[in-house]
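Could you build all of it, start to finish, from the sequences and the hints given here?
Just add 590 to wherever you are in the sequence shown, counting from 1, and you've got our numbering.
Think of the hints as simulated: they come from the structure by calculation, not from any bench. Take these hints with a grain of salt, some might be off.
[As the list claims (entries may be wrong)] Capping the alpha-carbon separation at 27 Å, the derived lysine-lysine pairs in DSS-like fashion look like this:
id: 1; residue 1: 726; residue 2: 777
id: 2; residue 1: 715; residue 2: 777
id: 3; residue 1: 715; residue 2: 726
Model, not experiment: these values are computed from the prediction.
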Amino acid sequence: MDPSTKGDGGLNAQDFEVYVLRTMACEESMSERALDRLGVSVAESEVTRQAVSAATQLAPGQVEELIEILGEGMTVVRRRDGEVATVVRRTFGTWPGLVFQVTANDAGICTDARFVRPPDQAPEKPSDPSALEPWKYTKDEIAEWFGPLEEGDAWPPFEEFGLHDAEAGQNHEYDVVFSWGLLQSIKPTR
Numbered sequence: 591m592d593p594s595t596k597g598d599g600g601l602n603a604q605d606f607e608v609y610v611l612r613t614m615a616c617e618e619s620m621s622e623r624a625l626d627r628l629g630v631s632v633a634e635s636e637v638t639r640q641a642v643s644a645a646t647q648l649a650p651g652q653v654e655e656l657i658e659i660l661g662e663g664m665t666v667v668r669r670r671d672g673e674v675a676t677v678v679r680r681t682f683g684t685w686p687g688l689v690f691q692v693t694a695n696d697a698g699i700c701t702d703a704r705f706v707r708p709p710d711q712a713p714e715k716p717s718d719p720s721a722l723e724p725w726k727y728t729k730d731e732i733a734e735w736f737g738p739l740e741e742g743d744a745w746p747p748f749e750e751f752g753l754h755d756a757e758a759g760q761n762h763e764y765d766v767v768f769s770w771g772l773l774q775s776i777k778p779t780r
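Printed below as a string of structure tokens:
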């Protein structure tokens, strides 16, 4: 890792990428493959997850610590839609074509953190929900294409929804799981 991306607290952008990865509700094999690509063991990833979690605890100024960790290669916008807000954006190699976006209020407390897709990189709509693949689509995209999503359990960054697809005279229902606004799994329920 380039030392210029190292934050003063010893944490860097790759550490945050590992943190996001280890807080996802994905299949363990997906997580382990991504860790292998990053050159990080499962044991190291747990230590990193704990360190990033401790460094970015909910408190005034939280977003400043995040900005320090993410280092170079991120975008910071200090105003949004006429409101005082900080929006931090960063890409990670594990999720190509997606941007991790964090929004913080005027006290510097993070109020939203999720993956978004730049408009110029919009994917093609899959033919039906069964063609959706984990880590390829955002919650917003799936809601637009196949919604509405029926709310289920939510414990940020985890969210679970029901999806009813009645295309072509077929009735299909799915459980859809997201972490950080990114699809983790989709399973038919009937």
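Here is how each hint holds up against the structure:
| no. | hint | in the structure |
| --- | --- | --- |
| 1 | 726 <-> 777 | holds (15 Å) |
| 2 | 715 <-> 777 | holds (18 Å) |
| 3 | 715 <-> 726 | holds (11 Å) |
The structure is consistent with each of the numbered hints, conforming to all of them.
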